[in-house]
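When you get a sec, could you build the whole thing from the sequences and use the hints?
If you read the protein sequences in the order shown, they are chains A and B. FYI, this note's numbering numbers position 104 of the first sequence as 104, with every residue one higher than the one before it. Position in the second sequence (first residue = 1) + 109 = this note's numbering.
Honestly, the hints are just simulated from the structure, not real lab data. None of these values were measured; they are calculated from a predicted model. Where is the CB? At the ideal position from N, CA and C, for every residue including glycine. Keep in mind that the hints are not guaranteed to be accurate.
Stated by the list, open to error - Below, simulated PhoX-like cross-link-like pairs (lysine-lysine); rule was C-alpha separation at most 25 Å, straight line: (1) Lys-41(A) to Lys-153(B); (2) Lys-3(A) to Lys-108(A); (3) Lys-166(B) to Lys-3(A); (4) Lys-166(B) to Lys-108(A); (5) Lys-96(A) to Lys-153(B); (6) Lys-153(B) to Lys-3(A); (7) Lys-96(A) to Lys-123(B).
Unchecked claim - Over the 10 Å line for every Cβ pair with chain A, so calculated as not near, a few chain B residues: (8) Thr-116; (9) Gly-125; (10) Asn-174; (11) Ala-191; (12) Val-207; (13) Gln-213; (14) Thr-218.
Here is how the chains run, residue by residue.
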Amino acid sequence: ELKVEQNPLFLSMQEGKNYTIYCNYSTTSDRLYWYRQDPGKSLESLFVLLSNGAVKQEGRLMASLDTKARLSTLHITAAVHDLSATYFCAVDMENKLVFGAGTILRVKS
Amino acid sequence: NAGVTQTPKFRILKIGQSMTLQCTQDMNHNYMYWYRQDPGMGLKLIYYSVGAGITDKGEVPNGYNVSRSTTEDFPLRLELAAPSQTSVYFCAIQGDPVEAFFGQGTRLTVV
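If you want it as structure tokens, here you go:
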């Protein structure tokens with residue numbers, strides 16, 4: 001059974017600081033997704049990582065995938081308040097997504 | 110979200126009542142999914158479908174049923190609502206490339 005673990009589960013950051021969210025998973029997969037969810041809203045796709053070594057960047061967010069280590073990271077650079085949200089990673093297992101519990105990110109000014 | 114429409118957005122049910130959550134897509138994707146999200150948690154897969162006429166159970170199927178008579182529609186049926194089914198339900202589609210798109214969600218309360 002595929003298990004997906006995110007850490008930390010809660011992250012309080014100062015504006016302008018950098019931090020990384022980690023996503024570990026238990027069985028082989030080479031497809032990993034990152035989503036953002038604002039309170040009371042649906043999930044918004046951030047990144048799709050489809051191979052070992054994949055790195056994608058959008059604004060202050062950068063995601064990477066190491067399939068050998070079964071690890072993905074979401075790096076936040078110079079955080080701003082607008083990044084406050086819950087971030088989920090999800091791993092593809094035979095075309096079904098298994099989600100982590102989510103990381104609640106709060107950026108304080 | 111673009112291409113995936115869920116109805117209703119909110120619903121309150123009494124214990125033992127039944128209802129159908131509707132999901133319709135206009136992107137012609139084969140893969141469709143139903144997830145539930147409990148407060149402060151990630152999403153868990155209830156049922157999924159790889160095409161019209163084909164459905165299968167996910168991680169938490171008990172208390173639910175689905176059907177897929179067309180590519181566009183993937184309704185989720187609750188037959189005997191229980192308080193444990195209070196949750197937010199998301200329908201999702203997945204195509205090629207493999208990005209998944211989610212509907213706006215249905216917030217269900219069972220009292």
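Going down the list of hints, with the structure as the test:
For the given pair, Lys-41(A) sits about 17 Å from Lys-153(B) by alpha-carbon distance, which is consistent with the 25 Å threshold. Pair hint Lys-3(A) plus Lys-108(A) does not hold up; C-alpha atoms about 31 Å apart against a cutoff of 25 Å. For the given pair, Lys-166(B) sits about 18 Å from Lys-3(A) by alpha-carbon distance, which is consistent with the 25 Å threshold. Among the hinted pairs, Lys-166(B) with Lys-108(A) is inconsistent with the structure: their alpha-carbon atoms are about 42 Å apart, more than 25 Å.
Taking the CA atoms of Lys-96(A) and Lys-153(B), the gap is near 10 Å; set against the 25 Å cutoff, the hint holds. For the suggested pair Lys-153(B) and Lys-3(A), the alpha carbons sit about 12 Å apart, so the restraint of at most 25 Å is met. For the hint pairing Lys-96(A) with Lys-123(B), the CA-to-CA distance comes to about 31 Å; that exceeds 25 Å, so the pair is violated. Even its closest Cβ contact with chain A, about 14 Å, leaves Thr-116(B) beyond 10 Å, as expected for a residue assigned away from the interface.
Distance check for Gly-125(B) against chain A: the nearest CB is about 28 Å away, which clears 10 Å, and the non-interface claim stands. For Asn-174(B), the non-interface assignment is confirmed: its Cβ lies about 18 Å from the closest Cβ of chain A, beyond the 10 Å cut-off. Listed as a non-interface residue, Ala-191(B) keeps its Cβ farther than 10 Å from every Cβ of chain A; the least gap is roughly 23 Å. Not every C-beta of chain A lies more than 10 Å from that of Val-207(B), the closest at about 6 Å, which undercuts listing it as non-interface.
Separation of Gln-213(B) from chain A is inadequate, the least Cβ-Cβ distance of about 5 Å not exceeding the 10 Å criterion. With a least beta-carbon separation of about 14 Å from chain A, Thr-218(B) lies farther than 10 Å from that chain, consistent with its non-interface assignment.
Violation of the numbered hints given earlier is confined to hints 2, 4, 7, 12, 13; the remaining hints are satisfied by the structure.
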